[in-house]
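Chemist: Here is what each chain is made of, one letter per residue.
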Amino acid sequence: AQKVTQAQTEISVVEKEDVTLDCVYETRDTTYYLFWYKQPPSGELVFLIRRNSFDEQNEISGRYSWNFQKSTSSFNFTITASQVVDSAVYFCALSPPAGRRALTFGSGTRLQVQP
Amino acid sequence: DVKVTQSSRYLVKRTGEKVFLECVQDMDHENMFWYRQDPGLGLRLIYFSYDVKMKEKGDIPEGYSVSREKKERFSLILESASTNQTSMYLCASSITGRLDYEQYFGPGTRLTVT
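Note that the protein sequences, when read in sequence, are chains W and L.
Numbering follows the working numbering, with no gaps: position 17 of the first sequence is 17.
Numbering follows the working numbering, with no gaps: position 31 of the second sequence is 31.
Keep in mind the hints are simulated off the structure, nothing from the lab.
The reader is advised that the hints may include incorrect statements.
Stated by the list, open to error - Here are some chain W residues pointing at chain L (derived, C-beta under 8 Å):
hint: 1; residue: Ala7
hint: 2; residue: Ser12
hint: 3; residue: Phe35
hint: 4; residue: Gly43
hint: 5; residue: Glu44
hint: 6; residue: Leu45
hint: 7; residue: Phe47
hint: 8; residue: Arg50
hint: 9; residue: Phe54
hint: 10; residue: Ser87
hint: 11; residue: Arg101
hint: 12; residue: Ala102
hint: 13; residue: Leu103
hint: 14; residue: Phe105
hint: 15; residue: Gly106
hint: 16; residue: Ser107
Here a beta-carbon is modelled for each residue, glycine too, at the ideal position from N, C-alpha and C.
Construct the complete structure from the given sequences, taking the supplied hints into account.
Modeler: Shown next, in the form of structure tokens:
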């Protein structure tokens with residue numbers, strides 16, 4: 001069965017600190033995709049990144065970076081020099097197994113960045 | 001840009017009322033989804049639809065039904081609202097046939113049942 005675990009329920013940091021959000025997944029599929037979404041206070045989930053199971057290169061986009069490690073089934077997300085605007089709930093998700101079409105989401109990590 | 005809209009941002013209903021939540025997407029996506037989001041539980045799939053008039057139960061379909069009469073519109077129906085259905089409801093859509101296509105989400109409807 002598929003599962004995505006985000007063990008950190010809530011993280012609070014002070015502006016300019018670096019923060020890493022953890023994501024661990026389980027799947028029997030050999031080909032799959034991993035996603036991160038951001039949900040700001042307005043409520044709408046915003047897509048941040050997708051990664052396929054064959055590409056373990058780390059990715060950096062501005063202050064955001066993602067570390068995908070197949071050996072530990074993890075897809076962690078780091079925000080460098082956090083800002084107040086980064087305050088949101090972040091969800092990690094896994095592409096659907098055969099026969100389903102919906103992503104499998106983790107329970108989310110609420111990030112509070114204090115000024 | 002893909003746009004997914006939901007009919008209401010906030011809704012207050014009484015126990016026992018029939019409630020309709022509407023979702024419309026403008027990108028001709030085959031798949032549409034309804035989730036509910038509760039603190040600590042993340043997003044839980046209620047129902048999804050992969051074509052007009054086609055639907056499948058998700059993980060928590062009890063107490064809900066859905067309707068998809070047109071490709072762009074997917075409705076969630078609470079036949080007889082109960083207080084334990086107070087939640088944030090999120091609609092999403094996606095293209096079918098590819099694993100790498102993300103789901104696009106609407107802004108959510110926060111439903112309170114009193």
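Chemist: Evaluate each hint against the coordinates.
Modeler: Hints versus structure:
no., hint, in the structure
1, Ala7, "violated, 12 Å"
2, Ser12, "violated, 16 Å"
3, Phe35, "holds, 6 Å"
4, Gly43, "holds, 4 Å"
5, Glu44, "holds, 4 Å"
6, Leu45, "holds, 4 Å"
7, Phe47, "holds, 5 Å"
8, Arg50, "holds, 6 Å"
9, Phe54, "violated, 11 Å"
10, Ser87, "violated, 16 Å"
11, Arg101, "holds, 5 Å"
12, Ala102, "holds, 5 Å"
13, Leu103, "holds, 6 Å"
14, Phe105, "holds, 4 Å"
15, Gly106, "holds, 6 Å"
16, Ser107, "holds, 4 Å"
Hints 1, 2, 9, 10 from the list above are not met by this structure, while the remaining hints are.
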